[in-house]
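S.K.: Listed below are the residues making up each chain.
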Amino acid sequence: MSDKYAVLPCNGLDKCAGQMTKEIAMLLCEGTQNEMICPVFYRVADARYDKIAKENPLLVVDGCGTRCASKLAGEKGLKIFRKMTVTEEAQKRGVTLPTDTLRLSEKEIALCTAMADEFIKEETAVPEQMVQAVEFPAPAEYLIHKKDKFIFRVPTEGFYFSENDCWLQVVGNRARIGITDFMQQSLSDIMFFTPPPVGVELEQFDEAGNVESGKAVFELICPVSGKVVAVNTELLTAPERINENPYEQGWVAELELTNFDEEKDFLLNTADYMKILKKKVDEFHVNKQKG
Amino acid sequence: MSTNKKVNVIACSGMGKVYGLMAREAVLHTVQRLCPEQAKTLCLAYIVTGDEEALAGFDNQPCITVDGCPAMCSAKSVAAMGGDIKEELKVLDVMKLHKGAKPGTATELTPEGWAITEEIAAKIAERVQEIQKEER
Amino acid sequence: MAEELKIGVVSCSGEDCAGGTISRLATRKMIDEIRPDNTVTICLPLFIAGGQEERMFAKEYPTIAVDGCKQACAKRATEKYSGKVNSVVFVSEIIGDEFAESPALSTRDLTTEHQAMVDKVAAEITKQFDEIMNAKGKDSGARKSSSCSCGCDC
Amino acid sequence: MSEDKDTFMGVPRDTIDWKPTIDYEKCDYCMECFDFCPHHVFEKRENEPIKLVVANPLNCVVFCRACSKTCGPDALTFPSKAEVSKKIKETREAMSSHE
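Protein chains in written order, with this note's numbering: chain W, 1 to 291; chain U, 1 to 136; chain S, 1 to 154; chain E, 1 to 99.
Check each hint, because a few of them may be wrong.
[Unchecked claim] Calculated lysine to aspartate or glutamate pairs in the EDC-like style (CA-CA distance at most 20 Å, straight line):
(1) E:LYS81 x W:GLU89
(2) W:LYS264 x E:ASP28
(3) U:LYS96 x W:GLU244
(4) E:LYS86 x W:GLU262
(5) S:LYS80 x U:GLU52
(6) U:LYS6 x U:GLU126
(7) W:LYS121 x W:GLU89
(8) E:LYS87 x W:ASP265
(9) U:LYS96 x W:GLU55
(10) W:LYS147 x S:GLU60
(11) E:LYS26 x W:GLU88
(12) W:LYS215 x E:GLU32
(13) E:LYS81 x W:GLU88
(14) S:LYS84 x W:ASP148
(15) S:LYS127 x S:ASP32
(16) U:LYS40 x S:GLU101
(17) U:LYS99 x W:GLU75
(18) U:LYS96 x W:GLU212
(19) E:LYS81 x W:GLU207
(20) U:LYS76 x S:GLU53
Simulated from the structure, these hints should not be mistaken for laboratory data. Small disclaimer: the values here were computed from a predicted structure and weren't measured.
My request is simple: use the sequences and hints to build the entire structure.
M.R.: Quick look at the structure:
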């Protein structure tokens with residue numbers, strides 16, 4: 001992993017959450033190699049920041065759900081290494097942001113510090129290549145469901161599934177997660193991929209990154225609890241690997257399992273997921289006709 | 001005045017998605033408006049039949065394929081039929097620069113869709129010029 | 001409701017002539033508006049590019065080819081890579097050779113005249129569609145959805 | 001359509017409290033969420049003062065919060081995942097002890 005990041009805050013001036021992104025960006029750049037990009041200037045003048053933005057992993061800090069900084073990065077053709085959204089973090093940590101003032105109180109500053117610290121810590125987490133490689137075998141066989149000209153595949157051995165259309169492949173205390181063939185086909189051409197942060201501890205059903213196609217944004221719901229030890233960085237430049245091969249090259253993240261024995265009761269085997277898949281295919285079809 | 005034959009620009013024209021229509025419109029825009037003297041299009045459906053006459057359309061000239069989706073129908077079909085592909089363009093690569101854009105449907109493009117289509121056409125035209133120079 | 005019968009519609013989408021543009025739009029109109037419940041679009045170049053799904057379809061289901069010009073690429077390619085087609089709609093026979101073989105038409109330049117051609121071709125596809133459906137002894141749902149304004153006799 | 005009742009993870013869907021809540025103080029009726037959600041959770045009310053409602057909460061995919069990311073004014077909130085999954089686990093246990 002690189003020790004230098006380009007930091008792109010939204011700097012939304014008319015909202016408290018936007019005011020906070022500048023603060024977070026400052027905290028991230030103070031005393032580090034990281035460099036800040038001014039979103040306003042970048043919007044009008046590519047040349048000033050293009051080199052910094054293209055040569056370093058990009059960290060995007062958005063204030064609210066409008067995600068102006070993410071959109072700006074998209075417009076400039078940059079791939080986002082990591083992004084954080086202030087309102088989401090505030091909600092996660094139970095902090096209510098003020099709506100009547102734009103000035104930051106101690107409470108907001110504390111949230112900014114916590115968010116910046118978490119990233120700096122994560123940055124020093126175990127690098128990918130230090131993690132002992134585990135072999136995840138390709139599925140030997142698939143169960144198949146056909147509907148009109150569509151063919152949906154579900155691996156028969158070694159995989160678990162969630163009702164949120166994510167899969168889990170377990171080897172020892174490690175697991176890979178990804179999205180199922182059915183979901184991949186429902187989304188159609190996947191153009192963007194946001195990985196979960198490496199080093200973060202996810203609880204079962206937490207968000208483990210997301211993918212976006214021309215049709216929709218799909219949030220990966222992590223089927224189990226675990227620590228993210230690796231992400232499939234190839235998907236950053238070629239998210240279409242998920243469409244091509246959702247169970248092998250299209251894997252999303254690798255986890256170190258923390259509570260698998262208890263949690264596997266809530267996962268589905270191939271036959272049970274197949275039942276759900278068939279139902280979803282029929283419903284999708286009905287929806288499509290109505291829509 | 002160039003004595004070179006025209007570069008072949010071949011769209012997938014996919015029927016299922018808006019990206020197929022964008023590929024088709026971008027190619028039409030290139031060969032009809034941007035560089036009618038240097039480029040021509042060939043019908044992919046005709047190439048797929050494998051007819052000798054259809055393949056003669058390649059004219060031993062370089063090809064640019066324009067594909068809507070990663071299935072890469074145009075690139076794969078042209079390659080399978082022996083076309084000399086110099087550039088494989090993808091609509092999705094340009095779409096990635098316009099996150100959240102709503103280009104329209106497989107039958108009709110929105111103004112946003114047309115703007116992106118023209119951007120793709122400009123890219124094709126640029127490659128057409130370069131290829132003609134290289135071939136000289 | 002019993003499992004509905006599906007019919008595949010393969011359009012030539014010819015890039016070289018105006019007939020291709022009409023063919024393409026008429027096919028989509030058929031699939032999106034006139035008989036959305038019983039039609040599936042088949043992408044012709046996918047026969048080569050490796051779509052197992054498309055290649056299998058015409059083997060297992062009835063298929064209509066819609067061809068812009070006399071080359072009949074949609075019919076011939078479908079039969080070469082997949083299976084026999086049940087019927088062919090020749091766009092040039094409906095709208096006239098002269099226009100069908102004129103240079104390819106951008107959807108940007110569509111006029112009401114072109115739109116009328118699209119409707120006419122769509123009506124012909126629908127007619128052949130219903131014949132296949134009736135031959136299979138199934139209700140195509142045609143009688144239920146009489147709201148379309150395509151000029152067909154549904 | 002289907003006769004069998006909707007379930008999620010083996011428990012009836014209607015026992016799971018998972019749906020978006022609209023904060024009407026913040027909502028500006030931009031309808032991004034309405035356009036986004038493919039499951040028709042939201043419905044528009046053209047001629048009423050409140051122009052957007054959560055009409056089909058049971059259509060909402062349990063644990064999916066994707067619509068809230070489309071919401072500029074941050075007017076959409078969801079229940080806590082941890083509490084909902086705890087509740088699902090309890091319901092499952094209660095169901096299996098009844099068998």
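S.K.: Compare the structure with each hint and give your call.
M.R.: Each hint tested on the structure:
1. E:LYS81 x W:GLU89: holds (15 Å)
2. W:LYS264 x E:ASP28: violated (42 Å)
3. U:LYS96 x W:GLU244: Cα-Cα ~18 Å, so holds.
4. E:LYS86 x W:GLU262: holds (13 Å)
5. S:LYS80 x U:GLU52: Holds, at roughly 15 Å.
6. U:LYS6 x U:GLU126: holds (14 Å)
7. W:LYS121 x W:GLU89: holds (16 Å)
8. E:LYS87 x W:ASP265: holds (15 Å)
9. U:LYS96 x W:GLU55: holds (19 Å)
10. W:LYS147 x S:GLU60: With a Cα-Cα distance of about 12 Å, the restraint between W:LYS147 and S:GLU60 holds, given a limit of 20 Å.
11. E:LYS26 x W:GLU88: The hint holds at about 16 Å.
12. W:LYS215 x E:GLU32: OK: W:LYS215 and E:GLU32 at ~13 Å, within 20 Å.
13. E:LYS81 x W:GLU88: holds (14 Å)
14. S:LYS84 x W:ASP148: holds (17 Å)
15. S:LYS127 x S:ASP32: holds (16 Å)
16. U:LYS40 x S:GLU101: Holds: U:LYS40 and S:GLU101 sit about 16 Å apart, inside 20 Å.
17. U:LYS99 x W:GLU75: holds (7 Å)
18. U:LYS96 x W:GLU212: holds (10 Å)
19. E:LYS81 x W:GLU207: Given pair E:LYS81, W:GLU207 holds - Cα atoms ~10 Å apart, limit 20 Å.
20. U:LYS76 x S:GLU53: At roughly 17 Å apart (the allowed maximum being 20 Å), S:GLU53 and U:LYS76 satisfy the hint.
Hint 2 from the earlier list is the only one contradicted by this structure; the remaining hints agree with it.
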